[in-house]
Amino acid sequence: MDALAEVRKLVERASRAFRLNEELSHWIELSVNECAINAIQHGNQLDESKEVLLRISSDGDTIEVIVEDQGEGFELADVPNPTDVENLLKPGGRGILIIQSFMDTVEVTGRPEGGSRLRMVKKIQNGKQSDRR
Amino acid sequence: MNMTIRERELDGVVILDLAGRITIGEGTVVLRKRIQQLIEHDQTKLLLNLAEVDYIDSSGLGEIVRSYTTVRNAEGDLKLLSLTRRVRDLMQITKLLTVFDVFERESDALKSFR
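Residue numbers (numbering that gives the first Met the number 0), protein chains in the order written: chain L, 0 to 132; chain B, 0 to 113.
It should be emphasised that the hints constitute simulated quantities derived from the structure, not laboratory data. One should not assume that every hint holds.
Said to hold, decoys possible - Some but not every residue of chain B turned toward chain L, in silico, with C-beta under 10 Å:
#	residue
1	LEU60
2	GLU62
3	ASP88
Claimed, not checked - Here are a few chain B residues that sit away from chain L, every Cβ distance over 10 Å (derived from the structure):
#	residue
4	GLN36
5	GLU39
6	ASP56
7	ASP76
8	GLU103
Even glycine gets a Cβ: it sits at the ideal position worked out from N, Cα and C.
Using the sequences and the hints given, assemble the complete structure.
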């Protein structure tokens, strides 16, 4: 997906700008990619006429990532648990769990204009993770 | 680096040495096709060596799971070798370590297929 190449470039720029170490950059990139893939595939249903908005910012103590799509919206509570026995051998469904495992805050809200807004936050201390992953 | 695959065969086991990033797109498609080709040639003892996989996302994990079920349905087996710390962390989080046989040493992995 060309879009993911753009996502990677954005994460790399953010990592340099916010002086994140390599470990933190890796997990941020993974989390952002998972969100972007979900927004493109599930949110926008692969409709190329729809957009995904991605914003990465930092206040020095945290990294905040916002991903918005133009889909129908969803609730985190409705996402099946991929670690349940009946889901373990399914090929998909692990993205949200991965994000929630790494990020300190993950929340989904509806956008007034339609679609979902996923906000995730990771605490950082001078570019180091606040907890080891 | 996009994913690359090198292959070896030892003791009747096909060892796929994967390297690079296993993510949605070309990497997962290449893996799926190769696994299917091996099964069609009755090569169903497969060992994925992940020592040089530095990045995997949920799609990459999903493709490994898909490969596993495909091989098992063909009455074969697929096992994993040399997980990097990051891959192991992801497989721990997703409970996939309870699904796969994982080995640190190739010799132990090969013995397990006998």
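Each hint tested on the structure:
no.: 1; hint: LEU60; result: holds, 6 Å
no.: 2; hint: GLU62; result: holds, 7 Å
no.: 3; hint: ASP88; result: holds, 7 Å
no.: 4; hint: GLN36; result: holds, 19 Å
no.: 5; hint: GLU39; result: holds, 20 Å
no.: 6; hint: ASP56; result: violated, 6 Å
no.: 7; hint: ASP76; result: holds, 14 Å
no.: 8; hint: GLU103; result: holds, 21 Å
Hint violations for this structure: number 6 only, all remaining hints satisfied.
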